[in-house]
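Following the hints, complete the assembly by docking chains B and C onto the known chain A.
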Amino acid sequence: MAPILEVKNLTHTYDASTPFRFDAVNDVSFSVEEGEIVGIIGHTGSGKSTLVQHLNGLLKPTSGNILFNGKDIWENPKAIKNIRANIGLVFQYPEYQLFEETVYKDIAFGPQNMGLLGEDLKTRVTETCQLLDIDFDYLEKSPFDLSGGEKRRVAIAGVMAMRPEVIIFDEPIAGLDPMGRKNVIKMIENYRNSFNATVLIISHNMEDMAQIADRLIVMNKGKLAKFDTTENVFSDAKFLSDIGLGVPAVTKIIDLLKSKGFNIEENILTIDDAVEALVKLKNGGNTYA
Amino acid sequence: MNNIIDVKNVTFEYTGGERIKTVIRDFDISFARGSFTVILGHNGSGKSTLAKLLNGLYKPAVGDVFVDGINTKDEKNEIEIKRRVGMVFQNPDNQLLASIVEDDVAFGPENLGIEPEKIRERVDNALKTVDMYDYRKKSPHHLSGGQKQRIAIAGIIAMEPECIVLDEPTAMLDPKGRKEIIDTIERLNREKGITIILITHFMEEAQNADRVIVMDNGKIVADDIPANIFKNAEMLKSVGLDVPQTTDLLIRLNNSGLAVDTNAISIEEAAEKIATALHSEGI
Amino acid sequence: MLNDITFGQYFETSSIIHKLDARIKMILLILQIVFIFLANNLISLSVAFGFVLLIILLSKVPLRMYLKNLKAILPIILFTAIINLFYGNEGRELFSFWKITVTSGGVINSIFLTARIVLLIIISSVLTYTTTPNDLTDAIERLLSPLRFLGLKNAVHTLAMMMTIALRFIPTLVEETQKIMNAQKARGVDFENGKLKERINALIPILIPLLISSVRRAYELAEAMECRCYNGAEGRKRMKQFKIRYYDILSALISVVFCLGIIFVNFVTG
Chain A
3 MAPILEVKNL THTYDASTPF RFDAVNDVSF SVEEGEIVGI IGHTGSGKST
53 LVQHLNGLLK PTSGNILFNG KDIWENPKAI KNIRANIGLV FQYPEYQLFE
103 ETVYKDIAFG PQNMGLLGED LKTRVTETCQ LLDIDFDYLE KSPFDLSGGE
153 KRRVAIAGVM AMRPEVIIFD EPIAGLDPMG RKNVIKMIEN YRNSFNATVL
203 IISHNMEDMA QIADRLIVMN KGKLAKFDTT ENVFSDAKFL SDIGLGVPAV
253 TKIIDLLKSK GFNIEENILT IDDAVEALVK LKNGGNTYA
Chain B
60 MNNIIDVKNV TFEYTGGERI KTVIRDFDIS FARGSFTVIL GHNGSGKSTL
110 AKLLNGLYKP AVGDVFVDGI NTKDEKNEIE IKRRVGMVFQ NPDNQLLASI
160 VEDDVAFGPE NLGIEPEKIR ERVDNALKTV DMYDYRKKSP HHLSGGQKQR
210 IAIAGIIAME PECIVLDEPT AMLDPKGRKE IIDTIERLNR EKGITIILIT
260 HFMEEAQNAD RVIVMDNGKI VADDIPANIF KNAEMLKSVG LDVPQTTDLL
310 IRLNNSGLAV DTNAISIEEA AEKIATALHS EGI
Chain C
13 MLNDITFGQY FETSSIIHKL DARIKMILLI LQIVFIFLAN NLISLSVAFG
63 FVLLIILLSK VPLRMYLKNL KAILPIILFT AIINLFYGNE GRELFSFWKI
113 TVTSGGVINS IFLTARIVLL IIISSVLTYT TTPNDLTDAI ERLLSPLRFL
163 GLKNAVHTLA MMMTIALRFI PTLVEETQKI MNAQKARGVD FENGKLKERI
213 NALIPILIPL LISSVRRAYE LAEAMECRCY NGAEGRKRMK QFKIRYYDIL
263 SALISVVFCL GIIFVNFVTG
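Residue numbers (this note's numbering), protein chains in the order written: chain A, 3 to 291; chain B, 60 to 342; chain C, 13 to 282.
With the rest of the complex left out, here is chain A (with noise of 0.2 Å):
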């Protein structure tokens, strides 16, 4: 099956024509499965933000392709609205776009965009809130009202409620308390494992993306530095670090206890990884006892 997304060679240059030209996003090609949690990270300037904008048609490429479902997104520009929403995009601090009077009708807005109205409207809105717990009292509340967590919550559901095969989120949990982001983590998963949507997240929380993605993009100025599954990304310490980024706290230990010479071969992600290792380690010496 061809993959739902792919991009390839895309190429975006800022200020073509002066000085300041540089390239957001040089040369990166990559594709996506159906139903993947695909984590983006890179520090900041390294082009990711540039490059989410790319996959929804927000931003047009300066060369290079993007395909959903094996078709250009650019193959007619007059259809580009199906394409958004088709591939949701939640930018960060997504709380800051709302504006209609009742969180319902925030929720509808987007569904109401791609033509939905009366019944289908409605149940739209309130699978969406069922599926993603968010609380029927607060459909006729205006959002202003909510805290800063429950407005990200609706904020987010607002895209959800448009039901795209792809989902991409900039930053989803950046400036949320622990109770925030763990909410706004199980809101994601819910949907993926409910219409099998594939997600694109890009975090620079390195402890959630070992949770929950299954192969990470890393960039680095504004190109595609490694593409592969979550555990290889992480298993290679040094090479992060290189470019500035770094492996889950608990990574690190384990990395520091094999370099004291503990035999542990596993690549370590999670606690409860590191856990199981570890007993293991005690209870047989080594870690196929």
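Keep in mind that the hints were calculated from the coordinates and are not lab data.
Take the hints with a grain of salt, since some may be wrong.
[To be verified] Think about it this way: if two alpha-carbon atoms lie no more than 30 Å apart in a straight line, the pair counts; the simulated DSSO-like pairs of lysine-lysine are:
hint, chain 1, residue 1, chain 2, residue 2
1, B, 197, A, 223
2, A, 184, A, 107
3, C, 191, A, 83
4, C, 72, B, 196
5, C, 31, B, 197
6, B, 132, B, 118
7, A, 184, B, 238
8, B, 197, C, 80
9, B, 67, B, 80
10, C, 249, B, 132
11, C, 165, B, 135
12, B, 290, A, 184
13, C, 72, A, 228
14, C, 191, A, 107
15, B, 177, C, 72
[Unchecked claim] Here are a few chain A residues that face chain B, going by a calculated C-beta distance under 8 Å:
hint, residue
16, 141
17, 176
18, 181
19, 182
20, 206
21, 251
22, 266
23, 273
24, 283
[As the list claims (entries may be wrong)] Residues of chain A clear of chain B, computed beta-carbon distances all greater than 12 Å:
hint, residue
25, 24
26, 80
27, 225
28, 229
By construction, the Cβ of each residue, glycine as well, lies at the ideal position given by its N, Cα and C atoms.
Frame of chain A; chains B and C shown alone:
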């Protein structure tokens, strides 16, 4: 006097429509001069309100707050209180008001009516302290979040405060920016002896504090040294906070039958403790 | 689209005009405008032209930058020139058409007025090209400061503070507008197509978030300013005390000589 700030029996309420919400209840706390305190709590725990009570931005409905022995309700001393207890906020963009870095840093001292040459001196020193002197002629708009936040800190240092309260200064920053800010704060405390009160929900930022206070529902839930707070996973979880991965790992190893000393905060310490535990198991 | 908006026109070069005190530049600008309008014959107008040309050269800002500004208001210049052709009935009749008569006096009138507008635009551009918006704001505050004797001290200070804050937040808000637009586009808003009414409706999802965020910013900024001991103009001293240096005085003198020159030429030839 040994304390820079004394909060005595303070209650603070918001009135929103018909509802009255108590944000701070019967609060009693003192901050020692030169100390580095971290206040942890989830959003809505009342920690931001507490911050604003500390320099008189909010006045308590019940009880009193004293800065250097001056009651924050004393309107004559309003300016002096704010000079002594500086405040840095979450969004760096919304606290810079000039289009040139050095003009912004000068804003505080200018308000204090200091002589121009002295202002210049303070601005230059403040910018050097936060390591942003080379950017003094730049526009804040062209700086990264961490750099902007350092400028905001410089703007406070230039007023030569005794104490700086920082209300989630790293919440909107990337890991690099966060590290820049935490390093700067720790240096200000260590080298300049400025009392630091850091409000955050990132546990790791509490590692090097003298004291950690955990807040929930407008009250103090815990008040101890970092190591003791970090160990108390149940308490942290019950107030909606994360246990740092390092401590979490140690606690879970203990529960799974590997006797590890859980008194570790940093990654290096944790690895050390696990190694010791494994060695004593004969591995 | 919004990236094209550059705020202010400051053009960095290392010219002597750039180094002049902004207050002096402003006063000289006003003086020069007055005297450009006093120049009432060909010779004094030529002197004015020569002087402005000299300033352009000294500013080291490329000539095309000035022409760009002229081009922007070309329709206004043409319109004034044409209207003035038919205005006035002095001098010899050149030609007549229907009820309109063009006289030599009208032509001369038209040339003078056009020349004056062109000079006016150029001389104002010199100010904006060579002075940063910040310096302009400061200069306005300082020039208006005598008003404090009329009990308007706080009004002057407030005006200047508003201008400073506006300058600081323009790029931030431009960026924010762009972000919100993109976010709403991602939710299916179409800004490019549709009827006028639809397009106007499409602005609501941008304007409301922008408004709300501006209110929030204003509130937070006000708190931050209060924390930095802001108390209006009360007891406030500025770090940058603009000192008048020798070339400020020199340039002022040269300008005065120029103005006297025009009056003299006017007097001798008029």
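Problem set entry | Earlier hints that do not hold, by number | Result: hints 13, 15, 16 and 22 break, sorted rising.
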